[in-house]
Amino acid sequence: MLLTAAEPWPENATLYQPLTEDQILLSDCASSLAVQAYLRMCGLPVQVVSRANAEYMSPSGKIPFIHVGNQVVSELGPIVQFTKAKGHSLSDGLDDVQRAEMKAYMELVNNMLLTAELYIQWCDDATAAEISRPRYSSPYSWPLSNILAYQKQWEVRRKMNAIGWGGKTLEQVYEDVSQCCQALSQRLGTQPYFFNKQPTELDALVFGHLFTILTTRLTNSELAERIKSYSNLLSFCKRIEQTYFEDKSS
Amino acid sequence: MAAAMELRCWGGDWGLPSVHTESLIVLAYAKFSGAKVTVSPIDWTWKTLTAAVPELLCGETAVQEPTHILNFLRKQRFNADYELTARQGADTMAYIALLEEKLRPALLHTFWVDAENYTNLTRPWFASRSPFPLNFLVPSHHANTALSRILLTKGEAPLHRISEVEGKIYSDAKECLNLLSYRLGTADYFFGNSPTSLDAFVFGFVAPLHKARLPSGPLQSHLRLLDNLTRFCDTVLSVYFSSDHPCPSPPVQETVDANLQKLTQLVNKESNLIEKMDDNLRSSPQHKPHRPDPKHGLVSEKSSTPA
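Going down the list, the sequences are from chains A and B. Letter 133 of the first sequence, counting from 1, is numbered 133 in the UniProt record's numbering, and no numbers are missing. Letter 258 of the second sequence, counting from 1, is numbered 258 in the UniProt record's numbering, and no numbers are missing.
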């Protein structure tokens with residue numbers, strides 16, 4: 001019933017993200033890497049294309065988005081559902097309780113890690129001035145660059161205030177990230193993936209965020225240091241990189 | 001012992017000790033962990049506008065927000081999570097994140113944004129509990145905060161209208177309730193036989209939805225279909241918040257007893273597993289009946305000869 005209506009995955013599927021060298025920021029890079037990891041785990045080929053206006057092309061305003069056939073889907077959640085409708089899924093083998101756990105841990109990553117990344121990028125004055133604003137507005141000339149950068153910063157700060165992160169200090173945010181990593185580390189234990197032998201979308205999401213944090217240079221490396229203290233998470237990232245992203249480095 | 005602790009929170013109605021989610025979480029956790037907390041409702045005082053609710057006052061310190069209050073209580077040795085494993089502690093964090101992301105927007109919408117519920121239930125309740133002239137300010141202030149929170153977190157850039165987000169937040173919330181129901185299964189509490197902080201959070205989120213007399217409640221009707229969640233709320237209410245029964249004592253916090261308990265649990269689990277294997281073996285069609293293995297008789301309660 002599913003496959004008759006859906007077309008098979010085409011060869012020319014593309015994933016759009018902002019410019020890798022100059023423009024993309026930590027949180028967008030993490031989300032994009034998570035989607036790329038997920039598609040590689042499913043064995044679905046996708047071409048990564050960098051565009052300066054990727055954020056505006058996206059149907060929901062969020063990065064990344066994929067263009068498959070004549071459909072455009074953005075963000076990991078909807079993309080997972082989209083691939084499921086085409087018959088590719090990583091979490092079919094899980095029972096109801098495990099699926100509940102998987103969804104809960106994905107929300108934990110979104111709630112803590114992604115929010116912390118956004119906070120550090122836009123609410124920490126040093127990072128915002130040195131890294132985020134220049135990078136975000138690099139494709140545009142003055143005065144548009146200033147306007148867009150400050151608009152984005154204002155938007156993110158409003159959101160942080162609404163969810164109660166506005167009053168947090170940087171130290172508290174680092175502490176939250178540590179706790180989140182501790183929870184992930186304890187859940188992972190000594191297994192190769194979160195649900196033992198097979199990777200799921202949770203593994204893709206965690207990999208995307210942790211790998212990006214470890215390999216991105218910020219004003220200080222406190223965030224990366226906190227993650228490095230959990231050795232099983234480090235080997236988890238390395239394992240996924242070697243298994244699914246091997247051809248990239250060659 | 002610890003100084004006397006006072007909790008400022010919204011008052012109760014509809015059979016609940018408090019109608020406010022965060023206050024309920026703290027009240028439930030205090031009961032689970034055996035902390036003696038004096039409850040002082042802020043109803044009919046100016047604190048309805050000025051205080052950040054809930055707030056725990058202990059001597060000189062004032063702590064706000066449920067997570068911080070729970071941490072504070074744990075430091076004061078009122079710990080309902082003492083018997084959790086590290087992995088269960090991680091699961092607690094994950095499920096709380098799930099509640100915050102998926103269920104909270106829909107609850108805010110049901111109580112504060114949905115026009116019928118707001119005008120017929122929420123606003124009159126909060127207005128009647130606030131002194132003049134705050135009864136004009138407090139409900140609309142909360143409603144505006146709720147609406148802006150929903151739009152900022154769930155509304156994507158071009159969709160700044162609430163009607164376009166409603167469908168998504170309600171389907172997310174229904175899925176969240178289903179997931180909680182799967183996780184709870186047939187157990188009384190989420191982890192074992194005694195309630196923990198996760199139970200407090202789930203109770204705080206789900207109980208108002210279960211008990212409030214909402215004029216328009218698609219989410220409430222969905223919750224009514226999930227028997228185990230409604231039974232969970234009723235169990236917590238009858239065991240911990242009923243004025244007739246005394247509260248059960250919180251788990252003993254001595255390390256020796258905890259280790260012994262863990263060992264007993266492990267032995268029981270092993271014996272259950274062995275009994276199950278034995279059952280499977282007996283009911284298997286290829287199995288030829290024979291006398292049970294004597295070494296399994298250590299903890300088996302079944303008689304060794306068939307009737």
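Among the hints, a few may not be true.
Stated by the list, open to error - Under the rule of at most 25 Å between Cα atoms (straight-line distance), these lysine-lysine pairs were calculated in the PhoX-like manner:
| hint | chain 1 | residue 1 | chain 2 | residue 2 |
| --- | --- | --- | --- | --- |
| 1 | A | 86 | B | 47 |
| 2 | A | 197 | A | 86 |
| 3 | A | 168 | B | 174 |
| 4 | B | 168 | B | 154 |
| 5 | A | 84 | B | 168 |
| 6 | B | 47 | B | 36 |
| 7 | A | 84 | A | 168 |
| 8 | A | 197 | A | 238 |
| 9 | B | 36 | A | 62 |
| 10 | A | 152 | B | 154 |
| 11 | A | 168 | B | 47 |
| 12 | B | 174 | A | 84 |
| 13 | B | 154 | A | 168 |
| 14 | A | 152 | A | 168 |
| 15 | A | 62 | B | 168 |
| 16 | A | 62 | A | 84 |
| 17 | A | 62 | A | 197 |
| 18 | A | 84 | B | 47 |
Honestly, the hints are just simulated from the structure, not real lab data.
Results for each hint:
no.: 1; hint: A:86 - B:47; result: violated, 55 Å
no.: 2; hint: A:197 - A:86; result: holds, 23 Å
no.: 3; hint: A:168 - B:174; result: violated, 31 Å
no.: 4; hint: B:168 - B:154; result: holds, 9 Å
no.: 5; hint: A:84 - B:168; result: holds, 19 Å
no.: 6; hint: B:47 - B:36; result: holds, 23 Å
no.: 7; hint: A:84 - A:168; result: violated, 38 Å
no.: 8; hint: A:197 - A:238; result: holds, 16 Å
no.: 9; hint: B:36 - A:62; result: violated, 47 Å
no.: 10; hint: A:152 - B:154; result: holds, 17 Å
no.: 11; hint: A:168 - B:47; result: holds, 24 Å
no.: 12; hint: B:174 - A:84; result: holds, 20 Å
no.: 13; hint: B:154 - A:168; result: holds, 22 Å
no.: 14; hint: A:152 - A:168; result: holds, 20 Å
no.: 15; hint: A:62 - B:168; result: holds, 16 Å
no.: 16; hint: A:62 - A:84; result: holds, 21 Å
no.: 17; hint: A:62 - A:197; result: violated, 31 Å
no.: 18; hint: A:84 - B:47; result: violated, 51 Å
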